[in-house]
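**Student:** Model the full assembly from the supplied sequences, consistent with the hints where possible.
Residue numbers (our numbering), protein chains in the order written: chain A, 216 to 563; chain B, 216 to 563; chain C, 216 to 563; chain D, 216 to 563.
Don't read these hints as lab results, they were simulated from the structure. Incorrect hints may have been included.
[Said to hold, decoys possible] Derived lysine-lysine pairs resembling DSS-like cross-links, with alpha carbons at most 27 Å apart:
#, chain 1, residue 1, chain 2, residue 2
1, B, K447, D, K447
2, C, K447, A, K447
3, B, K405, C, K405
4, A, K405, A, K447
5, D, K405, A, K405
[To be verified] So the derived label-pair ranges between C-beta atoms look like this:
#, chain 1, residue 1, chain 2, residue 2, range
6, B, Q331, C, T281, 43 to 51 Å
7, D, Q306, A, I326, 35 to 43 Å
8, A, G520, C, A327, 15 to 23 Å
9, D, K482, C, E264, 20 to 28 Å
10, D, A495, C, P551, 43 to 51 Å
Using N, Cα and C, we set each Cβ at its ideal position, and we do this for glycine too.
4 protein chains.
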Amino acid sequence: MWINSVIKVGIVGGTGYTGVELLRLLVGHPDVEISVISSRSEEGRPVAELFPNLRGVLELCFSAPTAESLAACDLVFFATPHGVAQEMVPQLLDRGIRVIDLSADFRIRDIALWEQWYKQPHGCPERVNGAVYGLPEVNREQIGAAQLVACPGCYPTSVQLGFLPLLEADVIDAGDLVANSASGVSGAGKQANVDNLLAEASDSFKAYGAPGHRHLPEMAQGLADIYGKPVKLTFVPHLLPIIRGIHSTLYANLTDTRVDVQALFEKRFANEPFVDVMPAGSHPQTRSVRGSNMCRIGVVRPAGGDKVVVMVVEDNLVKGASGQAVQNMNIMFGLPETRGLEAPALLP
Amino acid sequence: MWINSVIKVGIVGGTGYTGVELLRLLVGHPDVEISVISSRSEEGRPVAELFPNLRGVLELCFSAPTAESLAACDLVFFATPHGVAQEMVPQLLDRGIRVIDLSADFRIRDIALWEQWYKQPHGCPERVNGAVYGLPEVNREQIGAAQLVACPGCYPTSVQLGFLPLLEADVIDAGDLVANSASGVSGAGKQANVDNLLAEASDSFKAYGAPGHRHLPEMAQGLADIYGKPVKLTFVPHLLPIIRGIHSTLYANLTDTRVDVQALFEKRFANEPFVDVMPAGSHPQTRSVRGSNMCRIGVVRPAGGDKVVVMVVEDNLVKGASGQAVQNMNIMFGLPETRGLEAPALLP
Amino acid sequence: MWINSVIKVGIVGGTGYTGVELLRLLVGHPDVEISVISSRSEEGRPVAELFPNLRGVLELCFSAPTAESLAACDLVFFATPHGVAQEMVPQLLDRGIRVIDLSADFRIRDIALWEQWYKQPHGCPERVNGAVYGLPEVNREQIGAAQLVACPGCYPTSVQLGFLPLLEADVIDAGDLVANSASGVSGAGKQANVDNLLAEASDSFKAYGAPGHRHLPEMAQGLADIYGKPVKLTFVPHLLPIIRGIHSTLYANLTDTRVDVQALFEKRFANEPFVDVMPAGSHPQTRSVRGSNMCRIGVVRPAGGDKVVVMVVEDNLVKGASGQAVQNMNIMFGLPETRGLEAPALLP
Amino acid sequence: MWINSVIKVGIVGGTGYTGVELLRLLVGHPDVEISVISSRSEEGRPVAELFPNLRGVLELCFSAPTAESLAACDLVFFATPHGVAQEMVPQLLDRGIRVIDLSADFRIRDIALWEQWYKQPHGCPERVNGAVYGLPEVNREQIGAAQLVACPGCYPTSVQLGFLPLLEADVIDAGDLVANSASGVSGAGKQANVDNLLAEASDSFKAYGAPGHRHLPEMAQGLADIYGKPVKLTFVPHLLPIIRGIHSTLYANLTDTRVDVQALFEKRFANEPFVDVMPAGSHPQTRSVRGSNMCRIGVVRPAGGDKVVVMVVEDNLVKGASGQAVQNMNIMFGLPETRGLEAPALLP
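**Tutor:** The following block contains the structure:
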């Protein structure tokens, strides 16, 4: 049970989109004090100079990321590219500091698999098994007790939540799952990249990574954990000409066609504060979750047949990253799970 | 001084964009209870069915707009097209209910001028002089005591705030002001209109209303009030292929070139919670105020000459409409002016 | 064989997007004279007033649609909503005028099925069997001899071309096909509709019609014609915040995993002027066909497994509608198939 | 007079947006053969690999840019950043090859001014005076005879065409001109740059370069050439979240209010194939010129006063760059001025 009045928080890697989104959410969180925000490249620069939306609400400057500067924190978020958290996390854990890693470093238990997809040796394999996969709808209890939480990827969050009730109820053929997902460009991060220029990516649409994408092994692991057995998943991501938002359209074959899929979803998520099962026949829109931690789901059986189609939307920077991280923080520190995450989506 | 614990609020006309934006802001306001939300066309329908971002946070249904149903309110907002508030406001005022009208009905003191631009007889001319023009940066004190506040238009807010320091300091030629403004399409409201279809308005840009626009007399009146004498203004609005945001680029000739315009603006707005003068040389972006009540201003003298260029950004639905209405409410009820309006802009 | 020097063309229903696109393509076609363009609602109005891109290149005014005014045409295009062509086509055919119908009126041979999906009695069932389905890659020969061509729908063109090589070669399980498609908003036509406002549809993404869409029976019929047996298809369309472009992501299970899918596609379309099989590993982008009649296809076997993923892009207004209509016209009149359709896509 | 059947054309710097746009226009030009296209960074790579819209229509590979490889050309276009043409142009001119430079290298006659704005020594000042400024509406005759044409910048084209009739007729105060311009992001080129990412630039709007922009001296020179005396211009460019299109809103004070500005514009441009004066009261849209070489202009006197507002739209990559270059080529080689530039804009 958390008894201090305020959680002292540090953020490593605050210059990207998940970093600024963490800041946006945390400046409004009544139980948090942002103590440190680090960036090697922007050391000394006021955060609000880089992110003008924070002018007047955050006075902090970026500092160099060191274990010493983070020593006084109760919790450190890593909003860094993969490979960074691996290096610093052990020192923090050893000092008793809790960690939520938004990168991929501690998500995959099979180290060889991680090394294959991320094409580098893992820097801290001994801590991977102790990490809790931070999907509250699956692992709420372990998250509460965790010292290290591996926050799920944006696509994996949507795909796992969408298949969750069907796999738990064992009513679909887990040997042939299809996830057709589409993400706004903020998912690619704030990197100078010709492909993501407005002149290249707007007024257009394309798939990418169809032969294989790094989020696939994370999804496969998570779905297998839910199902209790391996699953077979085809995953094709697409690039949307929007800033925020993930839409996953999931396809599976029902093995039991008597199931009422609408009721199944409503029951499974009845007590989940951040999963909203839409009324039967609804098609969720990404804008209905823009800026919010909500995940909205619609489920349909076209022509009442044996194919079930699940449509899942989330804001990739919120429920797909920083919002879920805050949700995990709330759970870890015994706070109401929705604290600081109550604001409705910005619509229109 | 407001001593009740909660302000009971009614909203007339809750189906448009300023309506849903009021709702978004008010559901998170700790001192407000939304008692009634009315819509003739959607009577009986749950609000959250029309606006899925409010699912789970607002249980209310639309009701028919009647003075009786609004009788228990402390404050009623009108988020209606022009011509509607004129009909209902007198009955509410007579019952002692305070009113904030977001429409144009009570903004212009010259009734003939109003009737010329809005092409209909004014339904309530006797209440116009008692209305306070709700631009807090100019009329804060009167707003506090007002029973009826006429909330400024979206373009006029940006144009008046941008010229304010220059006119007050009497350093520009008020006989030749140019306001070149551009607004996102939400300014056109949630009306089915071919011109505002995504297929028509996106990936394009155009001016409109160059020969004359309804916001011109409101601006002219407001600028003259500030200056103490009539001004001459050319105003050309443009339609931006974005959802939210107004950018006004203002041009004037300095009559006193010794003035330090940066210092002038910084000093004038030093204590304003919702006007942010950017550092010298900055160009404010509309996204830096998306979803926020902030107005950001940059001011430049190109090549150090006698032309001054002021760039003003605001979210047309927030500082340009519903946020400013909430700011006015806070002032009217003696609350901290920023209450319920603290959330930073959504960026990216 | 066509021996006149110029094809006299009429267009019924020229005020929508397929109408203006036909005009854009035909004004540059060296063998065509646009004789008549009709619209009941815009009778007498210069076409270029409605479509400013045609100022200076098309002097025509809209006229009322009558069989008499069309009597001098060699060919009449119907760019009308469904239900209109049914009424007028018989009179034109009886006069020996050839017809290309871009609407759904003559696409589906099963009249009862048509009536079920379009919710009205079919006005001309006796002409349906004589109509040729205008997908040149499948029916080129019959199109050449046809008096009435039913031009395929936008989604069905992409889905049929994508599954074509696989079904012809009989290497997939035709009992479980999935088509996950996404279209730009111009596919919804130039109708005033709140859902398609820029403020509603931009910066967002959603599925629609998941329980069932009118293009499904057309696809099922076309795929069955190709395969020689019925197929089972799940089709989920999505709305993209772009103007033009369809992207279909197709999923099927290979029954013969020894097949080289890349070679299969390259061979099948080697002589097709408007189907471009991209190099192995490519992901086609909708912008690469913007304004062009080209359909580009990429094909992938994720992780070399038994799932085949086909990605198909087309411009919904060109290869998905008006360009394909011109291609059909070229075939019907013995012209080179690419005449008037040579311009590359507009990129960026 | 040009008597060869085909113009052999070389393009130096073919990897940017003006390069690909030149290619798009030239592959459809009946009198042109593209002989060489060079790029140092992409040497050996097929052009169509970089620009998928050219797959199947252009077989060329990029080659290294050398005077030798260009020796057989009749005409060489430079679509390079400033500073490159200066180095190579003299060698080409010495060989009798004609040159159209799309960069800024030969636009400004005052070398010191050029060096001040472009912050580098000019590499070829001795050729600057021999260059003809390629704005056909002003310099058609000299362009026909020119060996070196300096193609105007995108903003300067729109601003000069808009002020042209007013300055020539001497009816405005040339001492106080305002040009408020907005450009699509393709104007920034195909450079990896965080500011132009879709996640940064879309759904937003901002001014830039308000203190001073490189196109200002070019405009000032061109307007002074037209007027016969120096003018004073304030120019503020803005960044639009669209791909293509420039919209300039020009403001000036009439010195003679009896002038019929609509008639003045119509008369001045009556014989110009690429300037379209819209009917009185029209507001031109950038999409009406998307992909076309047309410049459309609307002119208004708000409330019939002494301020004149001119609205000018062009496609920054066509009339603002590559289309105007082709127009210049047509003039230089005695071809009909519209050859290869007839295609209407892509709308919607």
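**Student:** Checked against the structure, which of the hints given earlier come out wrong?
**Tutor:** Of the numbered hints, 4, 7 do not hold.
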